[in-house]
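*Asks:* The chain contents come next:
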Amino acid sequence: MRELLRRREFSLLILILLLMLAVSLRAPNFPQPGNLYDIANDTAILIMVAIGQMLVIITGGIDLSVASGIALTGMSVGMLNQYFPGIPIFVIILISLAIGFVLGSFNGILVSLAGIPPIITTLGTMSIYRGFVFVLSKGEWVSAHEMTEAFRELPRGSLFGVTNLLLAALLVVLIFAIFLRLSRTGREIYGVGGNKVAAQYVGISLKKINYLAFTLSGVIVGLSGLFWVSRYASAQNETAFGFELQTIAACVIGGVSIMGGTGTVLGVVLGAMFLGIVNNALTVINLSPFYQMAIQGFVILVAIVANTLVDQRNQLAMLRKREL
Amino acid sequence: MPSVLECRRITKHFPGIKALDEVDFKIRAGEVHALIGENGAGKSTLVKIITGIHQPDAGVILQNGVSVEFRNPTASQLAGIAAIHQEATMFPELSVTENIYMGHHLTRRKSRLLDWKGMKLKTRSLLETLELEINPDMKVKDLSVAQRHMVEIVKALSLDARIVIMDEPTSALSLREVEDLYKIIRHLRSEGQAIVFISHKFEDIYEIADYFTVLRDGRYIGEGIVAETEVDEIVRMMVGRSLDQMFPKTKVKFGDTILKVEGLSKTGIFKDISFDLHRGEILGFFGLVGAGRSEVMRAVFGIDTATSGTISIEGREVHITSPPAAMNRGIAYVPEDRQLQGTILDMSIRDNITLPIVEKLASYSFLNFHKEEEITREFGERMEIKTSGWDQAVNSLSGGNQQKVVLAKWLATRPEILIMDEPTKGIDVATKARVHEFISQLAAEGLAIILISSEIPEILGMADRIVVMHEGKITARLDRDQADSETLVKAAMGNPLPQEAV
Amino acid sequence: MKKQNRLRTSYTGMMARVAALLMTWEVILFLIFVVVVIVNSYLSPYFLDLFNILDTTFNFMEKAIVALPMILVIICGDIDISVAGIIALSSLLMGMVSAAGAPTGIVVLVGLGTGLSAGALNGLLITRFGIPAIAITIGSMSLFRGISYAVLGDQAYTKYPESFAFFGQGYIGNTIIPFELVFFIALAIVFGLLLHRTTFGRKVYAIGNNPISARFSGVRVNRIRWIVFSLSGTMSGLAAILLTSRIGSTRPNIASGWELEIITTVVLGGVAISGGKGNILGVIIGIFLIGFLKFGMGLINVPGKVMNIVIGFLLIVAIMLPGYIRALRNRSLLKRQRQKPGRTSPGLAG
Chain A
22 MRELLRRREF SLLILILLLM LAVSLRAPNF PQPGNLYDIA NDTAILIMVA
72 IGQMLVIITG GIDLSVASGI ALTGMSVGML NQYFPGIPIF VIILISLAIG
122 FVLGSFNGIL VSLAGIPPII TTLGTMSIYR GFVFVLSKGE WVSAHEMTEA
172 FRELPRGSLF GVTNLLLAAL LVVLIFAIFL RLSRTGREIY GVGGNKVAAQ
222 YVGISLKKIN YLAFTLSGVI VGLSGLFWVS RYASAQNETA FGFELQTIAA
272 CVIGGVSIMG GTGTVLGVVL GAMFLGIVNN ALTVINLSPF YQMAIQGFVI
322 LVAIVANTLV DQRNQLAMLR KREL
Chain B
18 MPSVLECRRI TKHFPGIKAL DEVDFKIRAG EVHALIGENG AGKSTLVKII
68 TGIHQPDAGV ILQNGVSVEF RNPTASQLAG IAAIHQEATM FPELSVTENI
118 YMGHHLTRRK SRLLDWKGMK LKTRSLLETL ELEINPDMKV KDLSVAQRHM
168 VEIVKALSLD ARIVIMDEPT SALSLREVED LYKIIRHLRS EGQAIVFISH
218 KFEDIYEIAD YFTVLRDGRY IGEGIVAETE VDEIVRMMVG RSLDQMFPKT
268 KVKFGDTILK VEGLSKTGIF KDISFDLHRG EILGFFGLVG AGRSEVMRAV
318 FGIDTATSGT ISIEGREVHI TSPPAAMNRG IAYVPEDRQL QGTILDMSIR
368 DNITLPIVEK LASYSFLNFH KEEEITREFG ERMEIKTSGW DQAVNSLSGG
418 NQQKVVLAKW LATRPEILIM DEPTKGIDVA TKARVHEFIS QLAAEGLAII
468 LISSEIPEIL GMADRIVVMH EGKITARLDR DQADSETLVK AAMGNPLPQE
518 AV
Chain C
10 MKKQNRLRTS YTGMMARVAA LLMTWEVILF LIFVVVVIVN SYLSPYFLDL
60 FNILDTTFNF MEKAIVALPM ILVIICGDID ISVAGIIALS SLLMGMVSAA
110 GAPTGIVVLV GLGTGLSAGA LNGLLITRFG IPAIAITIGS MSLFRGISYA
160 VLGDQAYTKY PESFAFFGQG YIGNTIIPFE LVFFIALAIV FGLLLHRTTF
210 GRKVYAIGNN PISARFSGVR VNRIRWIVFS LSGTMSGLAA ILLTSRIGST
260 RPNIASGWEL EIITTVVLGG VAISGGKGNI LGVIIGIFLI GFLKFGMGLI
310 NVPGKVMNIV IGFLLIVAIM LPGYIRALRN RSLLKRQRQK PGRTSPGLAG
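Chains as they are written, first to last, in the working numbering: chain A, 22 to 345; chain B, 18 to 519; chain C, 10 to 359.
Hints in this document: simulated from the structure, not taken from any laboratory.
Watch out, some of these pointers could steer you wrong.
In silico lysine-lysine, DSS-like type, Cα no more than 27 Å apart, as pairs [claimed, not checked]:
| no. | chain 1 | residue 1 | chain 2 | residue 2 |
| --- | --- | --- | --- | --- |
| 1 | A | Lys228 | C | Lys344 |
| 2 | A | Lys217 | C | Lys286 |
| 3 | A | Lys217 | B | Lys158 |
| 4 | B | Lys403 | C | Lys286 |
| 5 | B | Lys158 | A | Lys228 |
| 6 | B | Lys134 | B | Lys158 |
| 7 | A | Lys217 | B | Lys137 |
| 8 | C | Lys286 | B | Lys388 |
| 9 | C | Lys286 | A | Lys228 |
| 10 | B | Lys377 | C | Lys303 |
Given only the sequences and the hints, what does the whole structure look like? Please build it.
*Replies:* In structure tokens, the structure reads:
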């Protein structure tokens, strides 16, 4: 059975390699290390936020507020940096995590304590958080020259040739891969998503797990908000608009079932990279970036349908094995 | 002998219903205690209180003489109580190992990280102890129903419980698996564990239980030593009347063949099913849970499709690909699970009864409330549904009345072939008897009836001919006068009998 | 002492019945609507002007029209997040044929046809493969709007036949009653009948409450779900016609974010997100409640983004309320039960 699992991530990897091959034929400067490095950096934020999204989806929910959360934390720390340039970057990082924590907590409390379905909760907070970006900024942007050097350098500054941004993404991937595979709470997340009733029977607190999933997603969103505005050197009202769809796409392509209960960090990373490569390929083969959304949507649909068909075929194979 | 766990005067309310009324229950170490009662008697509620899922409104629970409170399932588990539930409470996408350890994963001492190796090892050894050939890495969704049930048992054993509660554990097991289960239970008993065994199968009770307690309608009725009590007396406690008052005999006058099924198969589910059915006949389908009877009927009714074989009605071959197609040919199917498949609980009795025929009653697709009311009254009264109004939601009715709604609904389609899947499961005894009378009446009126049942007295009392299935195949065909409990059970457990063309 | 108790119980009995009537969602919603109207007319003298009120309906009639089939979708137990994307796609295709010189009739047909096809595609993917609607419509939403972005980029179609403008900008005869408003009312009546008086509506409720049982009862569950999604798409196409006609042009970001407000309106109107419950009256009240709320906020210069905050909170509170009320009711029922010597009833899962 491990074969089957490996098959899904494995086939995704093959798909990515084939895609890269195809693009390289069209655009020979694609597979150059400089470009690949750019792709990695471009996709780093998506990887992080998609992992947070995965936590929520595995428990059976969905987090539509991630993009608005990125915008709100981004604008908050951006403005903080603008008006209080003396605050060290380290503190700003902590503040971004704290804001993200609050935003995620709010979602978590509504879902776990008030019992509001995640899709409704996050549909609501999506608007609320984005609205508060406007309230905070009064419609104005924080642009590059209003940010300190240190702030703008954050994602770029490198350690052993790896950018801070990439380092952060790797850290998030590592931490959550370990969390989900080797900690009790991590496995309980799968339990809650797999069978709510059974999870309660064995004493798992639904409330705690739901709250945790949203809060962790929020913390990641907080950090990502900081990286986003510092990387693009701009905090706007429309920052990350529509980004939540990309995170969901990355999860679905990576084999996370929208119904909950399954999903791996590796799958999500591959799914995000797939999208990252598609996005990069668009620019490299000179296709207008305006094609991005349509391709994303198409890829999501194909990925979902393909996953379902594979599952159905496997079920049938299982039945055939049974000799009557 | 002192009790390991004692429930005294336990009372429990749910909105609108009193589920338990001052119930007493004593569990002792080294004893297999059967908790007996019809569905709706309160057995599950009592178990849920003992396992901490619900809290009693009144009464006390004493553990080794000390008053305790189980505020949640974990508290009950920590107290050494393990429950094996009827519904599979499994995580389909997770492995067998993880299903067993969910909620109490093993961790390495130093790092507090999960010890997968250790868990897998222990799981494998537990499975081997029970002689189960199940791969611990397999995802539960890929296991058969029986295998899942065994995993449930292994799960309870992994908790090192002192009290093990089993809720209808044999209902999905084969003969060999039932013997294995008995072995496990005897082993646990010799180790000094206390075992609570919920069942209304007398074979189980008399084979394995030492002591019994009977509940009826949420009240404690009585208790006693199994070996010293006659079956009839237990039945009387369960039911309020004795065994042979319950099943009226049917009239045996067949019409012509109305349904003929030949070679019906569905990959991995059932194989080579052939039988025919006459007007005025009650054809019984017997077998253990999981034998494939419901699956066959679902294929006849069009819910699922068979992969090969033919169905003929009145001599003409038909292709039934959906329930409306079956209904057009005069087939009606009363499903096994009345809450999930038979009724729509939150809708009114009237909306439920008229749903299959809503188009027929309507004028140009506009609902005809007047006709709906008429039909509801006609069939609701015929089935003697007790309610304060046809507007009442079905979930406000008792189990017996809910089943009557299902029956009324299907009779309103005026079928010629009526398939009934465990129609009296979980119903109070009075209603059960009425339903049986009713089925006899229908047969007398010329309906052709297929009756799926797992209860021997019901099959023996009602069916003119009996087909027995085991793991997807027919293992016996009998006329009523040829059949008795032993032959039925043997065939149901897998020993095929020489078959005549029936 | 006993007589006093009896009087008190019959009084409380009557009170309970009146309270039960008042506690229906539609009445509560209507009261909130009245409050909104009162507060807004206090905050701005322009609010209670008939012309202004009729004029503001232009702003939400298109959303209202899409909310109608969304009621069916949600009652059925599904959800359609792609409706705004379908509006964008329909608008795009209408702009394309219009730019090529097509007359109003063709433009309208293209708009409806696009909506119908998009909805049918959603329905097909959902029913044929058994994939949850939320997953499919998140994907198709991106695809549909994405096509619009791919074709138009940051450009717009602005050429439409003259008579086309009537749908979104016209009035009934010489009155100040907008065509859109009247059209919506007519559609609301049709959908009301469909939902509450036809076999189709009955089946939709059945599927939303228990799709398995519905199937066992002979309801063609997948066919009905497919029809519901096709209807949702068609109405989105219709809304696209009205919206494009009103604005006079189309850009890829047309109707951006509308799916949120439409779903909010339906849920606010008392339709349970889990399916099987709700009626059209509540949703109609909800439509006008949100519409007038936004109108009033606009009059006191509340920025659009802030309005979204209010709508977001409204959605959350709207969901919390019924659950909270039910919990209170159950608690009082249990309290009363424990005081009375009750009867045990057979058949409870036990």
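*Asks:* Would you mind marking each hint as holding or not holding in the structure?
*Replies:* Going through the hints against the structure:
no.	hint	verdict
1	A:Lys228 / C:Lys344	holds (26 Å)
2	A:Lys217 / C:Lys286	holds (23 Å)
3	A:Lys217 / B:Lys158	holds (16 Å)
4	B:Lys403 / C:Lys286	holds (26 Å)
5	B:Lys158 / A:Lys228	holds (26 Å)
6	B:Lys134 / B:Lys158	holds (22 Å)
7	A:Lys217 / B:Lys137	holds (24 Å)
8	C:Lys286 / B:Lys388	holds (24 Å)
9	C:Lys286 / A:Lys228	holds (26 Å)
10	B:Lys377 / C:Lys303	violated (46 Å)
The structure fails to meet hint 10 from the earlier list, while all remaining hints are met.
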